Amino acid sequence: MTDAASDRWGLRQILALVLLVAASLLGNVLAPQLFTGFNYLLGSIGVMLVLRLFGIVPALCAALLAAVWCKQLFGHYYPLLWLGLEPLFVGLWLRRRPQDSLIMADLFYWLTAGLPLLVFVFVAVLKVAALGTAAAALMYLTIGVTNALVATLLLSQFSLEQRVWPQRSVATVSISQLIFQVLMLAVVLPALLVLVLTGRNREASVKQKMFDTLEIKARQIGQEVRQKIFHGVYPAIFGQEHRALLDVTAITQVLKNIQPNQDVQLHLLANQGEVIASTDQAVAGLPSYDPLSGGAVRSTDREQLYQRMPPNNPPVPLWQRAGRSAFIRVNHFPGTTVYAIAETRFAPYQAQILKGHRNALAALLLYLAVGAVLASLVARKIAKPLEQLSKTTTDLPGKLVSEDLVWPDSTIVEIGSLVENARQMARTLGSQFREIARINSELEERVELRTHELRESNQSLRREIDERITAERQRDHLMDELTIQLRFLQTLMDAIPNPIYFKDTRGQYQGFNQAFGQALGVVREQVIGRTADALYPPDIAAFHRDKDTQLFTEGGVQQYETDLIYADRKAHTIIVNKATYHSLSGELAGLIGVFVDITERKRAELERDRLMRELEAKNNELEGIIYVASHDLRSPLVNIQGFSRKLAKNFTVLSKHLAGIELPPEQRDELLKLLTESMPRSVEFITGSVEKMDSLLSGLLRLSRLGRAAIAIENLDMNLLMSKITNSLAYQIESAGARITVEELLPCQGDAVQVSQVFTNLLDNAIKYRMPERPLEVLISSTVCDDGIRYCVRDNGIGIPSDYQEQVWEIFHRINPRDIPGEGLGLTASRRILDRLNGAIWLESGEGTGSSFFVRLPAQQELKG
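Take 27 as the starting number for the sequence shown in my numbering and just add one per residue.
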């Protein structure tokens, strides 16, 4: 390392030092984040440049200044220890061993001093777990080595030392070092980019899974507790009278049934944090609980989902502090003060991220080590014959005379060609030199006379040499261009995930991509120049050979589906796409083929068909059970109804007999009250309940028959159908004083009886749920949509609150069950009918503004006979 102490400082050097120190700080400020608490520090690149250009003291100051920003990134100042010690160690090492590279010195620092110091601080001072310590150690080792490599490349490729210190001698670099550095740069930069991107993606994926779990559980609490504990409706304001009626043990059991694992805690709260129940025993024993207290709260990109960070006291790494944080999802239920909380510790999820990051860093270091070995071997293989050629061609005229020439050997075509050209040139020059010497010795007396001829001969020789050199340069340039194009095409093919190959007209393979070799488990030596018989069994090879022959005969493109055994010894269903290609003269040259593996798609289609058959069988079984249960329950109801009426008649007979019996007035009055008031009222309640149950059973029977009723699909004239429906409801329409407006309706396709039932149900509901304050108006219209014809039944009735718009499709559900008659089956039956007709139904409504029911049916088309 050059000592800058003896150099004269000026404005150029001061400005360069300031810029490099600023770049060191900026490298840490803009350090790309792998995930929370882990950033890829770039500041040591500037520090290494300062070390090489200005010495140890300025580099130490630059390192400490850049490391100060680590407090902002990681939450503590301990990185100043190992980042400040780095330039001191590397500078002293290079003073004692100037022949070593900056990369080697930095690697020795991290292995012998930096990593042990880091591990000691993390384990003994910060009390960090082994997983986090290993991830941090691997990260700093990777950062140190790669940044030293980048600094070395900047110094050698951009001549920074001569730009900053012009008075210094120009530092040269051997071709071996140049090739090694360029190859390592090509290895390092993509690897670092992949490391950063995969680190971010890994954290985002883990957090997405955690957020989804909290979201689902918070919403599930609201649904499960409302149905199982509050009987479908939460109180508007939760008070002590509601708490007295609740079974906290039952609520806790519901929460535990929802709880996915012990890391997720579920709470049911009311009002301002009043604890109703919790899966956490500590929280369950508290009168109130605020999960957002006890630390700094950060909002996330999810609604009502927060992160609670613990205080940084004592200071710990940011990622360790994040691991102690918790994520909290608050779910406020509409129309009530009761709400749910789902919270989880981030530590188990962060452990997944740390494991992945540790493995990625270890893989990166192994990748860099292998890349360094390969780059060194490639650089040596290329540079050694060139260095030997340089030595051979040094003082070429003297060696030609003495014939003391040693020519290197190389397996690289271009270098071998260069050596051969140099050898031929040396032979030519040697022959010419010997001829000139002989002529000079024999015709020494005629030198003066032949001087002019000799000059012309020399000039001709020079022109010949120049022309040959020019031709060789042009040839080398064309060979380089061709090599680049071939490498580009092969890289492009290898980047495609589908297997690709190409053959000549004889069926012999000329090349393939990496995916092809991996799929069939072959290498180039096993395939190139051979036919399909070398890859497949005889029957499979004959099949593909016939297909190739057909394609060569017909030309164009070809596609077919077949099964093929891959290297994993499993049968894969593939689609083979082939196309011919031609030479520059227009003659057929061969074909190119691509495999598209559709095995998973085929398996998914079979699984879908199986599940559909199982679902259809379960639905048929359920319909049968409903039909039998509903039919069998009606017989007991008839008996109850008959005997209730008989019992009512008996009350009348008893009243008459009681009139002829002498009893005390008080007893007579009491018996008469029982026989004429209490008992008949009880019988009326029984009769009414029986009639209600009979109505519900009838509805169940009708609903079960829908699944078994035959469907007659036909083209429907909806104008005629709607006219019949309004005529059948004429009495209800007239009694309600309603006005029904039917626009010109588009035809559709469906079952006339069942489509009529759907629109009858919708009109009947519009009449039932009208507003008493204004006349009922119903508008029926239609329009074309992507999936068929969409019909709209719009009324100005009472409307449906948004909270109940999904519940109206449930069986037996009605908005006002006490005020309006009905079983609550109309909309349920309508949705089921439309499902069978390949249609759909949905609604748009606002409370007090009316409702719009939309029905979609297939468009009219020509029916097959």
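Derived from the structure by calculation, the hints contain no laboratory data. Any given hint could be a false lead.
Simulated pairs of lysine-lysine, DSS-like, Cα-Cα distance not exceeding 27 Å [what the hints assert, rightly or not]: (1) 699 - 675; (2) 254 - 282; (3) 573 - 596; (4) 97 - 153; (5) 381 - 97; (6) 750 - 794; (7) 682 - 750; (8) 672 - 699; (9) 699 - 682; (10) 628 - 596; (11) 407 - 153; (12) 407 - 235; (13) 573 - 628; (14) 682 - 672.
The following label-pair restraints were derived from C-beta to C-beta distances [stated by the list, open to error]: (15) 636 - 377: 34 to 42 Å; (16) 857 - 672: 35 to 43 Å; (17) 857 - 328: 47 to 55 Å; (18) 692 - 257: 37 to 45 Å; (19) 505 - 482: 33 to 41 Å; (20) 778 - 595: 54 to 62 Å.
Just so we're clear, the structure is a prediction, and the values are computed from it rather than from any experiment. Glycine included, each C-beta is placed from N, C-alpha and C at the ideal position.
Which hints, by number, does the structure contradict? 7, 11, 12, 17
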